[in-house]
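> The primary structure of each chain is shown beneath.
There are 2 protein chains.
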Amino acid sequence: MISKRMEKIIESGAAMAGLFTAGDRLAKRFGAENVYNFSIGNPNVPAPESVKDTIIDLAQNMPEQALHSYTKPEGIPDVRKRIAEHDRKKFDVDLSEKNIFMVAGAAAGLNAIFLTLLDEGDEVIVPTPYFGEYKSYALSCGAEIVEVPTQPETFELDAREIRKAITRRTKIVLINTPNNPTGVIYSEESLRDLADVLNEKNNDLGIDITLVSDEPYRDLAYAGARVPYIPKFYDNTIISYSFSKSLSLPGERIGYVTIPDSVTNFTEISAGMVTACRVLFVNAPSLIQRVAAVCIQDECDVEYYARNRDAIYEGLKEIGYECVVPQGAFYLWLKTPIENDFEFAKKAEDYQIVVVPGSAFKGPGYVRVSFCVSHETILAALPKFKELFDDIRAGR
Amino acid sequence: MISKRMEKIIESGAAMAGLFTAGDRLAKRFGAENVYNFSIGNPNVPAPESVKDTIIDLAQNMPEQALHSYTKPEGIPDVRKRIAEHDRKKFDVDLSEKNIFMVAGAAAGLNAIFLTLLDEGDEVIVPTPYFGEYKSYALSCGAEIVEVPTQPETFELDAREIRKAITRRTKIVLINTPNNPTGVIYSEESLRDLADVLNEKNNDLGIDITLVSDEPYRDLAYAGARVPYIPKFYDNTIISYSFSKSLSLPGERIGYVTIPDSVTNFTEISAGMVTACRVLFVNAPSLIQRVAAVCIQDECDVEYYARNRDAIYEGLKEIGYECVVPQGAFYLWLKTPIENDFEFAKKAEDYQIVVVPGSAFKGPGYVRVSFCVSHETILAALPKFKELFDDIRAGR
Chain A
168 MISKRMEKII ESGAAMAGLF TAGDRLAKRF GAENVYNFSI GNPNVPAPES
218 VKDTIIDLAQ NMPEQALHSY TKPEGIPDVR KRIAEHDRKK FDVDLSEKNI
268 FMVAGAAAGL NAIFLTLLDE GDEVIVPTPY FGEYKSYALS CGAEIVEVPT
318 QPETFELDAR EIRKAITRRT KIVLINTPNN PTGVIYSEES LRDLADVLNE
368 KNNDLGIDIT LVSDEPYRDL AYAGARVPYI PKFYDNTIIS YSFSKSLSLP
418 GERIGYVTIP DSVTNFTEIS AGMVTACRVL FVNAPSLIQR VAAVCIQDEC
468 DVEYYARNRD AIYEGLKEIG YECVVPQGAF YLWLKTPIEN DFEFAKKAED
518 YQIVVVPGSA FKGPGYVRVS FCVSHETILA ALPKFKELFD DIRAGR
Chain B
168 MISKRMEKII ESGAAMAGLF TAGDRLAKRF GAENVYNFSI GNPNVPAPES
218 VKDTIIDLAQ NMPEQALHSY TKPEGIPDVR KRIAEHDRKK FDVDLSEKNI
268 FMVAGAAAGL NAIFLTLLDE GDEVIVPTPY FGEYKSYALS CGAEIVEVPT
318 QPETFELDAR EIRKAITRRT KIVLINTPNN PTGVIYSEES LRDLADVLNE
368 KNNDLGIDIT LVSDEPYRDL AYAGARVPYI PKFYDNTIIS YSFSKSLSLP
418 GERIGYVTIP DSVTNFTEIS AGMVTACRVL FVNAPSLIQR VAAVCIQDEC
468 DVEYYARNRD AIYEGLKEIG YECVVPQGAF YLWLKTPIEN DFEFAKKAED
518 YQIVVVPGSA FKGPGYVRVS FCVSHETILA ALPKFKELFD DIRAGR
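The listed protein sequences correspond, in order, to chains A and B. If you read the first sequence in our numbering, its first letter stands for residue 168, the second for the next number, and so on. If you read the second sequence in our numbering, its first letter stands for residue 168, the second for the next number, and so on.
Hints are computed from structural coordinates only; laboratory data are not their basis. The C-beta atom is built at its ideal place from N, Cα and C for all residues, glycine as well. Any given hint could be a false lead.
[Claimed, not checked] List of simulated lysine-lysine pairs, DSSO-like, C-alpha gap at most 27 angstroms:
hint: 1; chain 1: B; residue 1: Lys484; chain 2: B; residue 2: Lys551
hint: 2; chain 1: A; residue 1: Lys195; chain 2: B; residue 2: Lys248
hint: 3; chain 1: B; residue 1: Lys529; chain 2: B; residue 2: Lys175
hint: 4; chain 1: B; residue 1: Lys195; chain 2: A; residue 2: Lys248
hint: 5; chain 1: B; residue 1: Lys265; chain 2: A; residue 2: Lys171
hint: 6; chain 1: B; residue 1: Lys265; chain 2: A; residue 2: Lys175
hint: 7; chain 1: A; residue 1: Lys219; chain 2: B; residue 2: Lys239
hint: 8; chain 1: A; residue 1: Lys256; chain 2: A; residue 2: Lys219
hint: 9; chain 1: B; residue 1: Lys171; chain 2: A; residue 2: Lys171
[Claimed, not checked] So the derived label-pair ranges between C-beta atoms look like this:
hint: 10; chain 1: A; residue 1: Asn370; chain 2: B; residue 2: Lys513; range: 42 to 52 angstroms
hint: 11; chain 1: A; residue 1: Ala233; chain 2: B; residue 2: Arg474; range: 18 to 28 angstroms
hint: 12; chain 1: B; residue 1: Arg335; chain 2: A; residue 2: Pro244; range: 46 to 56 angstroms
With the hints as constraints, model all of the structure from the sequences given.
Dropping the structure here:
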């Protein structure tokens with residue numbers, strides 16, 4: 168028999184799993200080429216050319232044994248150094264090799280952070296809507312997710328709601344910026360408010376909440392938007408980053424966790440993190456660690472996503488839909504013109520459109536429209552979105 | 168503060184960590200080139216040429232987006248199929264794609280199995296001596312390791328000792344064959360005895376123990392030895408395999424878990440395993456999954472290890488040491504000529520020799536001698552081993 172823990176994880180995922188499979192169902196109904204599938208969150212632009220060149224270069228020129236050998240659990244020293252240098256300049260902060268921990272993707276990174284910090288019964292506060300897998304990571308550790316709302320309409324952090332949810336068992340507040348599914352980048356103001364609340368509650372309750380910022384979409388930001396560097400607002404912040412989107416390498420499982428010097432008990436936490444990496448995945452994949460370090464300056468074609476974002480946002484607004492402006496990531500958060508998001512998503516299928524009901528992210532009344540699709544798909548889908556909208560308005 | 172769980176993991180590792188760092192200490196004392204370091208368990212032969220060729224071929228010829236995209240959590244269907252075909256022929260058993268789960272290395276594989284099966288307070292029986300990291304995997308799940316002795320001198324499984332240790336909380340018996348640190352391949356006879364005990368206890372206690380066989384050294388077997396295919400002896404067996412040693416790819420984190428049809432509640436267990444892969448590491452690294460499938464017929468230069476094994480075993484025996492014959496893996500288990508293995512390892516340092524005290528594996532009175540070193544190191548070290556032996560015998 169499977170463990171009770173695993174039963175809970177499966178149960179928590181099962182409610183949502185079905186919501187992501189409408190694409191397949193619809194492909195059978197209309198033929199795959201006739202379906203506008205906005206339900207998938209996978210990068211659709213290729214990795215930059217430098218990734219291919221670096222893989223070939225390393226394979227051809229580096230002795231196999233060195234290339235494929237175990238690395239330290241926290242990663243290859245030169246790789247960590249290169250990343251620290253890059254981020255030091257980019258964010259104008261003090262960082263060195265010792266602050267960077269290479270991880271086998273963001274999921275492994277979050278699991279490692281959770282294993283380092285969480286005991287049975289501990290609480291992780293997450294603003295809704297949110298990426299459902301966070302719950303699985305918490306359940307793996309026997310910890311609990313405490314959901315709090317964001318601000319209505321804007322989906323900005325709501326520090327007052329977070330304050331209400333904090334208890335002595337609160338170990339982590341987990342935020343995700345740019346956000347999946349809303350595309351919102353949390354503002355400096357909202358982060359200042361959050362920091363005030365966390366500091367206040369730490370003092371009141373004699374606790375020390377870790378703010379964990381999950382930032383796999385950090386380099387997908389549009390129209391000049393910049394993602395604030397969270398440790399500048401709150402000392403006890405750990406960042407999880409992934410190259411899945413910036414280098415279009417989601418299958419390769421490579422990212423890093425930043426633990427700045429300002430984190431409470433830095434020495435102990437970083438020792439815990441090294442151990443967690445060793446125990447969970449031994450080390451991040453060695454070849455790809457090197458590729459990430461060489462290619463960190465490069466980026467996939469973010470302009471492609473930007474063009475998609477403009478087309479779908481402007482197009483849907485013009486039709487009459489209410490949408491949150493996607494500041495980052497490759498998701499548009501659309502308010503459903505009929506209240507029930509399941510009903511709307513179901514009705515959209517009749518127009519060959521696949522979107523994910525917001526309820527899958529604990530955000531009812533909205534759907535997530537992924538724009539990591541071909542630009543042509545967007546252009547071709549807009550008239551269908553219009554038909555759908557007009558029919559709903561006309562009560563058809 | 169780090170979690171209590173992590174405190175326990177660090178504490179359990181700390182006792183041993185120091186035992187693996189003597190090499191660095193000695194390198195400072197004598198100069199690295201003057202140290203015979205037999206403490207490290209890393210492959211020292213390069214990956215087969217086909218690995219390099221396949222990496223370059225895939226990078227050059229496969230579209231980047233397909234090559235680096237997410238795969239299913241359980242792995243790429245064609246990769247799983249290829250591995251199932253290979254093992255079906257090799258072991259003459261019934262296997263297909265659905266029995267193979269690609270994992271990000273054996274550690275991730277064991278973590279996934281544990282997450283699928285173990286709850287807080289469950290027990291995992293492990294014969295001693297054993298690879299200490301097993302304890303970390305169990306602690307991560309809040310489970311406990313129950314250590315049982317193997318047979319004296321031979322280090323074969325001792326089914327009677329395992330019988331004594333089984334309780335209603337026993338979920339897993341975890342074996343490792345060929346064994347790290349002893350080099351023993353568990354015999355068919357000992358596996359039959361083990362199966363009898365497990366079946367008996369399952370009936371008596373109304374439980375269903377899973378036998379987990381960790382086999383990263385399966386393809387390093389010497390002098391015609393073969394590693395028995397464990398599910399042939401006991402139905403409810405799950406195998407964890409890694410390409411780290413057979414393809415000398417330890418840093419790339421690639422392996423697979425085999426869940427045969429005969430496993431109790433196959434459907435439920437395999438659904439749990441898929442979920443565990445998704446939650447812990449999303450998918451095994453995608454490029455290297457493909458490399459493993461293409462290169463599965465190939466092998467690193469196992470003959471090199473075989474030659475090392477003969478040289479060190481014969482050499483040490485001739486000097487007068489008592490050693491267990493290494494049937495597989497790249498470790499020799501040497502009975503220390505002074506009773507205390509710490510003392511012996513310490514004394515060996517004066518002869519520029521680094522070995523790991525058996526106590527690090529809960530096997531006192533022995534040391535582990537890794538022979539994944541250059542052949543020249545072995546030849547040069549043997550006279551030093553002799554000096555050491557003679558001096559101990561002479562009471563010097």
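> For every hint, state whether the structure bears it out.
A quick look at each hint next to the structure:
The hinted pair formed by Lys484 of chain B and Lys551 of chain B meets the criterion: a straight-line CA distance of about 14 angstroms does not exceed 27 angstroms. For the proposed pair Lys195 of chain A and Lys248 of chain B, the alpha carbon gap of about 25 angstroms is at most 27 angstroms, so the pair holds. At roughly 17 angstroms between alpha-carbon atoms, Lys529 of chain B and Lys175 of chain B fall within 27 angstroms of each other, so this suggested pair holds. Among the hinted pairs, Lys195 of chain B with Lys248 of chain A is consistent with the structure: their alpha-carbon atoms are about 25 angstroms apart, no more than 27 angstroms.
With a CA separation close to 24 angstroms, the supplied pair Lys265 of chain B and Lys171 of chain A stays within the 27 angstroms bound. Distance hint between Lys265 of chain B and Lys175 of chain A is fulfilled; the C-alpha atoms sit about 23 angstroms from each other, no more than 27 angstroms. Distance restraint check for Lys219 of chain A and Lys239 of chain B: the Cα-Cα separation of roughly 23 angstroms lies within the 27 angstroms cut-off, and the hinted pair is therefore satisfied. Distance check on the hinted pair: Lys256 of chain A and Lys219 of chain A sit about 26 angstroms apart at the alpha-carbon level, within 27 angstroms; holds.
Straight-line distance between C-alpha atoms of Lys171 of chain B and Lys171 of chain A comes to about 21 angstroms, which keeps the hinted pair within the 27 angstroms bound. Distance hint check: the CB atoms of Asn370 of chain A and Lys513 of chain B are about 50 angstroms apart, consistent with the given range 42 to 52 angstroms. Taking 18 to 28 angstroms as the suggested C-beta distance range, the pair Ala233 of chain A and Arg474 of chain B conforms, at roughly 23 angstroms. At about 48 angstroms, the CB distance of Arg335 of chain B to Pro244 of chain A agrees with the hint of 46 to 56 angstroms.
When held up to the earlier numbered hints, the structure conflicts with none and fits them all.
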